[in-house]
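For this one, chain U is given, so just place chain L on it according to the hints.
In case you want the letters, here they are:
Protein chains: 2
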Amino acid sequence: MSFFDQLKFNADGLIPTIIQEQSTGRVLMMAWMNRASLEKTIETGKTHFWSRSRQKFWRKGETSGHTQTVKGIAFDCDGDVLLIQVDQIGPACHEGYKSCFYRSVEEKGESFKVTEPPLQTP
Amino acid sequence: MSFFDQLKFNADGLIPTIIQEQSTGRVLMMAWMNRASLEKTIETGKTHFWSRSRQKFWRKGETSGHTQTVKGIAFDCDGDVLLIQVDQIGPACHEGYKSCFYRSVEEKGESFKVTEPPLQTP
Chain U
1 MSFFDQLKFN ADGLIPTIIQ EQSTGRVLMM AWMNRASLEK TIETGKTHFW
51 SRSRQKFWRK GETSGHTQTV KGIAFDCDGD VLLIQVDQIG PACHEGYKSC
101 FYRSVEEKGE SFKVTEPPLQ TP
Chain L
1 MSFFDQLKFN ADGLIPTIIQ EQSTGRVLMM AWMNRASLEK TIETGKTHFW
51 SRSRQKFWRK GETSGHTQTV KGIAFDCDGD VLLIQVDQIG PACHEGYKSC
101 FYRSVEEKGE SFKVTEPPLQ TP
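Protein chains in written order, with our numbering: chain U, 1 to 122; chain L, 1 to 122.
Chain U with its partners taken away, still in its complex shape:
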């Protein structure tokens, strides 16, 4: 059975996709895929997403060079979330941080802090 038959895309035809660095286990980002971007990801071995804000298909790193090479693709029990293991070149975050999750909550939500330096300026 195709794994596509296991997936549930939302009303907009999208599925949230968690990107994790295989070598470190670090969660790098979450982005959205439609069926075409997932098929392209599988076909090419490089992550492709659907930008909701730009309503545009894009290959991660197409302008920055910060591509993601796919090492594994898992999906959850409900079939409505993907988890993709990657090798990441450079920062995953468009703000220059390794991970988009570079800020953490402090003091019961009263404040937050940046937990790492950027790898480069955006």
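Keep in mind that the hints were calculated from the coordinates and are not lab data.
Just to be clear, a hint being listed does not mean it is correct.
For identical chains, the list gives no copy identity; a pair is met inside one copy or between any two copies.
Unchecked claim - With a straight-line cut-off of 25 Å between C-alpha atoms, the simulated BS3-like cross-links for lysine-lysine are:
| no. | residue 1 | residue 2 |
| --- | --- | --- |
| 1 | 98 | 71 |
| 2 | 40 | 71 |
| 3 | 98 | 8 |
| 4 | 108 | 56 |
| 5 | 56 | 8 |
| 6 | 108 | 71 |
| 7 | 56 | 40 |
| 8 | 98 | 56 |
| 9 | 40 | 108 |
Coordinates of chain L only, in the frame set by chain U:
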């Protein structure tokens, strides 16, 4: 500045939340929070979510005992995804698996396999 000011809940008042086991780096699940469940999570140190299918506020493990103790809360550059580090008791998945991501894609999407045994039968 409160970290709540950094967050963007979607049109339904929800934000996707990735749950990662702190000790192993394993991504366990993704679920949705509304502001009330996030506040309750911060206040109690145990994860609380919003069930979209049941339209109900729930504490993870309230019936199964498989609770998640919060070790850290991060949020992404766009403020529209949360990443919570936890200590997980028992399986995170309602199907009895440690992680909801217990199936992986094979053969270019033609098939998939279960990658681990369940910790217990559901």
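Now the hints, each set against the structure:
1. Taking the shortest alpha-carbon separations for residue 98 and residue 71, both the intra-copy value of 18 Å and the inter-copy value of 21 Å come in at or below 25 Å.
2. Within a single copy, residue 40 and residue 71 get their C-alpha atoms as close as 15 Å, which meets the 25 Å cut-off; across copies the closest is 36 Å, which misses it.
3. Taking CA atoms no more than 25 Å apart as the test, residue 98 paired with residue 8 passes between copies only; the shortest distance there is 22 Å, against 30 Å inside one copy.
4. With identical chains, the CA atoms of residue 108 and residue 56 are at most 25 Å apart between copies only, with a shortest distance of 24 Å across copies and 37 Å within one.
5. With identical chains, the CA atoms of residue 56 and residue 8 are at most 25 Å apart both within one copy (21 Å) and between copies (21 Å).
6. For the identical chains of this complex, residue 108 and residue 71 are inter-copy neighbours only, at 12 Å across copies versus 37 Å inside a copy, given an alpha-carbon limit of 25 Å.
7. In this assembly of identical chains, residue 56 and residue 40 lie within 25 Å of each other by CA distance solely inside one copy; the values are 14 Å within and 36 Å between copies.
8. In this assembly of identical chains, the alpha carbons of residue 98 and residue 56 lie at most 25 Å apart only when taken from the same copy (24 Å versus 35 Å across copies).
9. In the homo-oligomer, the alpha carbons of residue 40 and residue 108 lie at most 25 Å apart only across protomers (10 Å), although the nearest pairing inside one protomer, at 42 Å, exceeds that limit.
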